[in-house]
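**Student:** As a plain string of letters, each chain reads:
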Amino acid sequence: MSNSPRIAITGSGAVCGAGLTVEKIWAAVINGQSAVTPITQWDAARWPVKVAAGVNGVKNQELVEDRKLHKSISRTDIFGIYAGGEAIKSSGIPSHRETLDAAMVPHFNDRSGLVVGSGGGTYSSNYEYFPLMTESGGDMRKFGAELGSSVNPMWLLKNLPNNVLCHVGIRHMFKGTNACITNQCAGGVLAVAEAAESLRTDEADRIAAVGHDTPIEPETVFGYHKLGLLSRDVLRPFDRTRSGTIFGEGAAAVMLEKFDNAQARKATILGEFLGHGCVTEAMGVVDLRPDGDGPARAIALALLDAGITTADVGMIVAHGNGTPASDASEAKGILCAFGGNPPPVTAFKWCVGHLLAASGILDLVLAIEALRHGVVPGVPTLNEVAAEFSSLPVSRDPQRPRSDVALVLCRGFGGMNVALVVRAAKP
Amino acid sequence: MSQRVRVAITGIGMVTPIGNTTAETWAGLRAGKSGAGPITIFDASGFSTRIGAEVKGFDFENAIADRKLLKLASRSHRFALNAAEQAFADAGIRPTAADAERWGFVVGAGMMGVSYEELESVHRHAAADGEFNPDGLLSPDYPADPIAFCRTQTNTGLSLLTKNFGIRGYATAVHTACSSGGQALGTALKVMRRGNVDAMIAGGFDSMLNPIGLSGFCLLGALSTDNDTPERASRPFDGTRNGFVLGEGAAFLVLEKWESARARGAMIYAELAGDGNSLSCYRITDTPPDGDGPIQAICQSLADARLKPEDIDYVNAHGTSTMMNDRSECVALGAVMGDHLPNFAVSSTKSCMGHLIAAAGAAEAAVCALAIRDGIAPVNANFATPDPQCSNINLVTGQSRPMRIRAALSNSLGFGGSNSSLTFRHPDFVEA
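Listed in order, the protein sequences are those of chains G and B. Using my numbering, the first residue of the first sequence is number 44, and each one after it goes up by one. Using my numbering, the first residue of the second sequence is number 250, and each one after it goes up by one.
Treat the hints as calculated values from the structure; they're not laboratory data. Cβ coordinates follow ideal geometry from the N, Cα and C atoms, glycine included. Careful: at least some of the hints might be erroneous.
Said to hold, decoys possible - Some, not all, of what chain B presents toward chain G, calculated at C-beta under 8 Å:
(1) 408
(2) 415
(3) 469
(4) 527
(5) 534
(6) 537
(7) 538
(8) 650
Generate coordinates for the entire structure from the input sequences, incorporating the hints supplied.
**Tutor:** Here it is, written out as structure tokens:
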């Protein structure tokens, strides 16, 4: 897109099982320390799947101090509000706003947008009705009559999928263009894509993108397990013996600004957003095409949008969720799009787990770190790349990026495939 | 600035409490027919609100031809699949294997994933005493069928729709509570303009008419409790209004590039001309009394459509029939439209349809397109007592008003403070 304005990435934030800051999470990835531990959300001793990369031992207040707010939001919202706030604060925009003439602030706020990719809610949110269901014993009349004395009056608000959008907005007075995307795993990356587009079309001057999700709960683990998608022990992306994915939880966020504005206010520029591509394979809820059609088309569209070619891409952060079908078709898609000669490939879910709606945006945040450090992290759980795609340049050991450009791939239910392209600024 | 893609609305499909087709819904709205009544889907006799606007006589088993896909479809997904099929049939165009990658899909999806029956099953097996015991899910008699799980993913509706209609381009789902449908159409407009696709279908679907959904709104005190007069319970802008009526349904619009639609001789309802959206950043359920938030959304929508307030002839208001929302919306309209305020007609079709939540903005966009095509501003039913704080607007009372509509606005203001405003233009006005 030659005519559209350049887009700077001026802030990032993240929380997941590997840490509460981007630095901590990056350190875990580069040092080969997996955040996968025994599940603590419930006693999973009898469960076929006992591990996940949970955010353990962290009080909600450490992430969001406002205790009053905790009553009207859920755990996933805490993560999203925290990561969104970190990205906004680290960009220096709030302190920049304080330097403005007071009369300019309302316009500044109206030109500050926000897009959130939300996990959309949890199964356990409905469990608040269980005591009432037991009391009423199937008598719906009784259920209705005793509702008010049994269930939290704030129940609906607590479980709105767009709570992070609302509360990050209120806390930082980002009042401009906005959206809340509930497209399962694609939510976070599509939030980045839509945020970038609103800068290109001049709907906003600056915009934050957030993704958040909390899939570590019994019904979700049960459902994924029944679909054969979960590993019992280790997530080994692209490995011959890969056996499934492992859940993580948390949130990640980036702050995007028009490049010229960011330079003018002397912001620290982490990188530049170059392009996106989004397609569906239209295969229904969980099926995917074995030929890699979706990833290949998403990559081609993203490169076209970025105005670059495959030769310009220095590294690929794959979705690499560790399931037999997804990794195989993703590898095929990458090899097809890059004509058999892709740049170094890595993936991060072996460390942070699969954060669903937050997974791709967390990968983007880590991709920027990788480029800035000039290293493609190795995948320590990889023993042997599967024979059917052995030419995929994914490695147990760190590799060197071919350039300062990374491509991030994200896949989800509904046959969703999204690719993002970013360039890192010189640190 | 280069030539912007102009977007034509060429097909409409609706399943609403007023009717299971676009024609039936539109006829009902013109006649001011109410879709509200006592709730029949489940025994709501113990709830503080026992009325709702249900979809009636819908053939759930034949919503679409694909039986296998239908098994994965919840109540609101079936409304969606059927409404989208209607929209394609109406447009006379649909994706083919050759152009599937150039078609996109945007939906405003409701927040309710799990049906009450599914929740009862979990309760029975894992929480019979009221306390959830996860190990109950592992018991051999708990249904281990992943179909229920697949049915309840946040993008299940989108997944079924893209598969059923073979759409392989840009696809996404949004949820900003009551403004979801409006934001879905706004997103679709942007995706068309930036050239990611050549044609799209966009809309919304929802059903919260189940024990949990009704509970959520009853607990908040957001619903009208006029249980004895359901057809009069939704009365936006009336001085005695006391809450909204919960509805359900789906609406979809087929969007094409203007020139392509003209080239194939398609009937164009209207241009989807402008989108504006903002965050109120005020409180989660309240709209700001001074209209801050909605004001910016309406202004941006007009500017995006390159129109002035005097170009607007009809506004389909969010008009939920809650005290606060309707006042705030009137303040916002006053602030943006100024002296032009008496010159355009305003109505809330929620007076007839009830509040379709995530589908509301899509259904009301469809109403704007129909109003433009037929030159009729549909009635704001049930208005009897003026509210001095809502008397600044030129409300369509009594009966629907035949009038030329050059351009129309549709507002959606959601819980969480997301505001969406869409602008539509008459084809003659576009090509004049």
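**Student:** Hint by hint, note whether the structure agrees.
**Tutor:** Each hint, compared with the structure:
Using the Cβ-Cβ criterion of 8 Å, the hint placing residue 408 of chain B at the interface with chain G is satisfied: the shortest such distance is roughly 4 Å. Taken as an interface hint, residue 415 of chain B checks out: its beta carbon lies about 6 Å from the nearest beta carbon of chain G, inside 8 Å. The restraint placing residue 469 of chain B at the interface with chain G holds, with a minimum CB-CB distance near 6 Å, inside the 8 Å limit. For residue 527 of chain B, the suggested interface contact is upheld, since its CB lies about 6 Å from the closest CB of chain G, less than 8 Å.
At its closest, the beta carbon of residue 534 of chain B sits 7 Å from a beta carbon of chain G; the interface hint therefore holds under the 8 Å criterion. This hint is violated: residue 537 of chain B has a C-beta 11 Å from the nearest C-beta of chain G, more than the 8 Å allowed. With 8 Å as the threshold, the beta carbon of residue 538 of chain B stays out of range of chain G, its nearest partner Cβ sitting at about 16 Å, so the hint is violated. Interface hint at residue 650 of chain B: violated, since its Cβ lies 33 Å from the closest Cβ of chain G, which is beyond the 8 Å cut-off.
Consistency note: the structure conflicts with the earlier hints numbered 6, 7, 8.
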